[in-house]
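Q: Each chain is listed here by its residues.
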Amino acid sequence: MSHHKKMVLPLLDGALLRPALRDTFHKLGLRAQLKNPVMFVVYLGSILCSVLWVQALLGHGQAPAWLTGSIAVWLWFTVLFANFAEALAEGRSKAQAASLKGLQKSTWAKKLAAPQRYGAEFAMVESFDLRRDDVVLVQHGDVIPCDGEVIEGIASVDESAITGESAPVIRESGGDFSSVTGGTRVLSDWIVVRISVNPGETFIDRMIAMVEGAKRRKTPNEVALTILLLALTLIFLLVTVTLLPFSAYSVNAAGSGEVVSLPVLIALLVCLIPTTIGGLLSAIGVAGMSRLMAANVIATSGRAVEAAGDVDVLLLDKTGTITFGNRQASAFVAAAGVSQATLAEAAWLASLADDTPEGKSIVVLAQRLTDGAGGHLDDAKVGRKLLADLHAGLTPAGASFVPFTAQTRMSGINLDGRHIRKGAADAIRRHVEALGGSVPRSLLQQVDTIASRGSTPLVVAEGAQVLGVVELKDVVKPGIRERFAQLRQMGIKTVMITGDNRLTAAAIAAEAGVDDFLAEATPENKLAMIRDYQARGQLVAMTGDGTNDAPALAQADVAVAMNSGTQAAREAANMVDLDSSPTKLIEVVEIGKQMLMTRGALTTFSLANDVAKYFAIIPAAFAVTYPQLNALNVMQLASPASALLSAVIFNALIIIALIPLALKGVRYRALGAAELLRRNLLLYGVGGLLLPFAGIKLIDMLLSLLGLV
Amino acid sequence: MMTAFFWLLALFMLLLTLSVRPMGAWLAPLASGSLPSRWQAFDAALLRRLGLNDAGMGWRDYTLALLAFNVLGAVLLYGLQRLQGALPFNPQQLGAVEAGSAFNTAVSFVANTNWQGYAGETTMSYLTQMAGLAVQNFLSAATGIAVAFALMRGFARRESGDIGNFWADVLRITLYLLLPLSIVLALLLVSQGVLQNLSGYLGFEALAGHGQTLAMGPVASQEAIKLLGTNGGGFFNANSAHPFENPSELSNLLQMLAIFLIPAGLCHAFGRVVGDRRQGWAIYIAMSVLFVVAASAIAWFEAQGNPLLSALGADGGSGNLEGKDMRFGIAGSSLFAAVTTAASCGAVNAMHDSFTALGGMVPMLLMQLGEVVFGGVGSGLYGMLVFAVLAVFVAGLMVGRTPEYLGKKIEPFDMKMVALTILVTPLLVLAGTAVAVVVAPGLAGLANPGAHGFSEVLYAFSSAANNNGSAFAGLSANTPFYNAMLGIAMWLGRFAVIVPVLALAGSLAAKKRLSPTLGSMPTHDGLFIGLLIGSVLLVGALTYLPALALGPVVEHLAIWATH
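Those protein sequence lines, which keep their order, are chains B and Z. Quick note on numbering: the first sequence equals residues 1 to 709 in the UniProt record's numbering. Quick note on numbering: the second sequence equals residues 1 to 563 in the UniProt record's numbering.
Okay, chain B solo, but in the shape it has when bound (with noise of 0.2 angstroms):
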C-alpha cells in the first residue's frame, strides 16, 4: 500500500485561513443564508437587532442601547463564526482538490482520421475539444488526454499521478486493463484509444467537483436532521414569540416590571435554537469526505460516505486483503524411509532456479530448518556454488534446470545425473510411474491431509522414489484476525471472497476469523451473495476491480472501486480508492461512522446546551416583573444585562470552540452500539447539559470584572 501521495492538511495554517476569512463575510449573502434555516433565523435576528440598537440611539428603544447593541454584534459573530466553520471546511477540502487539478491541464491529443487504426493520419487537437468515441493514437511519452478504453495495442503507463503507485502500470485492449484515465502518461509502446467521456464529464473533473463541494449536496440524513433542526427552531420561535403576551399579561398582572423587551426576546431565541449543530453541519458533512480523501479514497457523493456507516456486511477479497496473496512453503514431510534433511535439500536444489515467490519461499524454508537445527544441507557446497554461478549469470557446469510448463506442470533441476522433480500430486505422480515407479499409498494420504487444511501439496521426486510433500500455504496477513474480531465487536460481519475451493476456503477462514465465506466465487454467485444479505435486512459493501465485478459493485449498498480496476468497475462504483488497497473498506467503513458520529455528537450537545441558558435568561428576562423568579438564578450571574450578554456570547464562542471537533470528527472507537451509546451520551449529552452552566457563569465574572456590564 503506497501513502507518499496522501493528502493530509493541517487543521489551520496561513495559506488557509486567508481564504477562510474572506469566504466568510461572502457568505453574508442572502443565498447563502437561505441554504441554512437555522443559522439564517439568527442572521435575521442580528439584522433586527442591529435596526433596534439604531432605534436605540436615536432615544427611541425598548433596552438600553449599549445592551441592544452588544447583542446585536454578539450575534453577528455568531453568523460569521457559522461561516468561517463552513469556508474553512470547504477551504481545506479545495486545497485537496488543486493536487489533483494538476492533472487537468490541457494537452495535445493525436485524434485519428478514419479508419481509426494504428497507422491512419492524425491531427493534433487540444484535449478539451475531444468528444466521446473520438479516437486518439498514444504514443510513448504522451500523456493520455482524457478517459477511454484501450482498443488497440498495448503499453506501460504511468499512473503515479492519480494512484500514488510508482510502478508502471500495463494497459491493452480488452479484458479487464483496458481502461485508462486521463492525465496519466504512456512510458512504452503505443495503444489506440477510444475517448469515453466529454470534457468536463471525466473521472478527475467529477471527482474534483464532488470536493470541492461545488456539487455537494445535502445528503438524506443531512436532510432528515436539517428538519429536526428546523423543527426545534420552529418551536422556540413560538416560545419566544408567545412570550410578549405572556409578559404583557404578568406585568399587568402584577402591576410592575416591563414587558419583556425585542432584543432580550432575539437574544433568547438565538440562544435556544440549535446553532451549535446548525453552524456547523455542513463543515462536518465536507469534512467527512475530506477525511476520506486524505485516505485516499474519493466518493461520487455524499450519500455513499454516510451508507459506509452503514455497512453490516463486507466481502473482502482473500487474496492481497486476508492473506498476502502467495503461497509459501511451511513444512517438509518426508515420504515413510526418507530423512527430513534428504526431503529439504532435494526441494531446495529443485527451488533454486525458481523464481515465484513459492519457490523462494521453499528455499528460504529449507535453509532455516537446515541451518537452525545446526546441520547443512547435504550437497551445501554444490548448491552453494550453484547458487553463485546463478547470481553471476552463468549456467552452472552440470547443471540444467527444468523450466515448468503447462503441458508438464513440473520443474526441477539436472544435476550430475540427478533428476529431481516438484510439482502438483497428479503431475508427480505420472512421471514416477513413466520411469516405472509409484507413489506410495501413506503419501497420497498426507497429500490429502495438507489439501484438506486449505494447503497446497507439493510433491518433490528423485527419479523414480518418491521424497515426500512440500506444503504450500496460504498465509493470513498478522493482525487480521484481531481486525475481524473488532469488526465483529462493531457488528459488521466479514466474509471471505475466493476462487479457491470449498475446503481450501474453509481452511483460511477459520484462520483468519472470517464469519462467512464464498468459495469458487464467480461474478454470478457474488451478486447473488449480495442480494442474499440485502433480502436480510443487511447493508454490503465490496471492493472490486473487473469488469465482471461491476454487476455486483452496482448491487452493493457500498463499493469501493480500485482505481487500477476498468472503467465499468469504476462507473458501477461509489467510491474509487486511488491505492488499489483492498483492505481500504475498512477505512471507508470507519470514516463513514466517525462522520456520523460527529454528526449526532454535535446535535445532542446542542440540544443539551439549552437547559443551562434558560437558567440564565429566564430569571434575567422576567425578574422585574415577578422579583420571585431570581430564585431560578441558580448560577448567581450578577445583573439581567450580564446574565444575556453572557448566554448570548457563550453561544457564539461555543461554535469556535467546537470547529475542531467538527473539522477532525469525535474520537473513533470500534465498540459495540452500546458502548458507543453509553459513552458519546455521557460525554456530549451529560457534558453538553453541564458545561454551559460553568461557561456562562465564567463569561459573567469575566463581564463583571472588566466592568463591561
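Treat each hint with caution, since some may be false.
[Unchecked claim] Below, in silico cross-link-like pairs of lysine to aspartate or glutamate (EDC-like), each with a Cα-Cα straight-line distance of 20 angstroms or less:
id	chain 1	residue 1	chain 2	residue 2
1	B	218	Z	411
2	Z	416	B	557
3	Z	512	B	129
4	Z	512	B	532
[To be verified] Footprint (simulated), chain Z over chain B, 3 or more residues, beta carbon under 8 angstroms:
id	segment
5	174-185
6	342-354
The hints are simulated quantities; they were obtained by calculation from the structure and are not laboratory data. Values in this document were obtained by computation on a predicted structure and should not be read as measured data. Note that beta-carbon positions come from the ideal geometry of N, C-alpha and C, so glycine has one too.
Starting from the known structure of chain B, arrange chain Z on it as the hints suggest.
A: Frame of chain B, contents of chain Z only:
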C-alpha cells in the same frame, strides 16, 4: 400521608403490571389481524352489509376513511344535541344545547378529549348521553387504538403498501375489546353503587328542611367506557368526585386501573406485533418511570400543604385538602390526578385548581409532555413511538450509523412527519394561551387574577390540545370565545397529529426491515429507556419552561417566599 400514598401507588402499579401481559395477548391479534378465521369471516360479512370491505388500505385511504368517519360522527353528535328537546328519553325536558356549546361538545367527544364546558345533569338528555356521547366514547377510543395499530403494522411490515383497514379495525376494536371490557367494568361499578336507571330526577327534603334534587340516569354504562376509552367525560358535572359515579375507595382504584388498562396493554401488544417483546416492555417501563415520579411529586407537593394556611393552623397539618373528597384523601386524589392527566382521560375526582401551585403544575406538565405517559388509548402509544423515533434519530447517529428504529431507517420523510407531530400541540397550546391572555373575551373568563389565572388558561389549552379534557376549573369556559378556541385546539390537537402519524406508518411499512446487529443501537435496554425519558422531558421542558415559570412556578415561589 406519604406512606399511605406509596402503598396505594405500589398496589396500583402491581395490579397494572400484572394486567399488561394478558391485555397485550388480547390486543396483539387484533392489531396483526390474526383473529380466529370464523370471527374475521363474521366481520367481513358485516362490513359487506355496510357496503365496505376489509381489504388492506394504503395510508392515504386509511386517513381519508378515518377523517370521514370522525367528521360524520361530529355532525351527528352536534345534530343530536340540538334536537334533543324533541326526542325521547328526556324525562327532565331539557331543551336544545346552545350552538357554541354543542359544537364544542361534539368536537370534544369525537376528539377523545371530553372537555366539558357544560354540566351533564342540567344539559344533556338521556338519549344524548346514551346515543351520542357514549357512542363517541366508544368510537373515538376505537379510532385512537386503530391509529396505534396502523403504526405498529408500519413497524412490523416489510415493503408493504398496506397499513390495515380502518373499518375493520374500528369494528373489531369496538366489538371484541371495548364492549366486553365495558360490560364487565359497568357491572363491577354497579356493585359498588354506581347508578344505572332511566328514571326522572329524585326530589327529597334535606335535613335542613329545604328541598333538594338527586340527579339520576344510566351512569354505570357510560362510566365504564369513560375510563376504559380514556374519554373522561363525566355523566355528572362533578365527574368522578360524584358519589354516584365513583362511590368507594375500591371503585376509585378500579377507575384508575381502567384508565391505564388499554394504554399499558398496548405497549406489550406493540412488542408482540413487531416480534420483540422487550421493545414493548421498554416503552412500558419508560412510561411507568415518568408516571411514578410525577404521581409522587403531586402527592408530595399536596402533603406539604399551603404554608399560609399552615401558619394559621388552618389545615391541622394534614396537607392540602382543599377541593379533595375525604373518601379519597391526598393519596387517592393525587394518584387519580396523575393517572387522569398522564393518560389523556380527564376524569377527575378532585379539583385540580385547588391543588398547590406545583401540585397542580405536574398534571399540567403531564399533559404538555404530549400525553405520552400511557396517554390516551392508542394516542399514548403512537405519541411515545414518535418520541422514540426522535430519540433514536439523535442518539442513533452517535453509534455511527444512520438512525434506525426496529430495523426501519429514519429518513427525511419520516422526520418531516415526526416534526409535524411534535409541532402541532405546542403551537396550539402556546398560541392559544397567548391569544386568550391578551384579548378581552379571553380575559373575561378568568376567575383568579395574576399568575394563577394564567395557569388556568394555560391548563385549559394544554388539556384541549393534548385531548385530555380535564379542567383546572376556575375558568369560565362555556363562552363563545373559549368554546370556539378550545374546539379548534381539540380538533387539530387530535387530527393534525393523527394524519402525520398515519403517513409515518405508511412510510415505515413501505421500507425494508433491516436485521439488528451488534452495531445497531439497542432499543430495549436501560440506556434507551433513559434516553426516551430524557427526550420526552427535554422537549416538554424546553417548550413549556418559560410559560410554567410565569404561572405555577412564580405562584409557588410567591407563596413560599412570604412564608
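Q: For every hint, state whether the structure bears it out.
A: Verification of the hints:
1. B:218 with Z:411: 13 angstroms, holds
2. Z:416 with B:557: 25 angstroms, violated
3. Z:512 with B:129: 47 angstroms, violated
4. Z:512 with B:532: Distance ~13 angstroms between residue 512 of chain Z and residue 532 of chain B Cα, so the pair holds.
5. 174-185: violated (count 0)
6. 342-354: Violated - the segment 342-354 of chain B has 0 residues with a Cβ nearer than 8 angstroms to chain Z, which falls short of three.
Going down the numbered hints, you'll see the structure goes against 2, 3, 5, 6, while the others check out.
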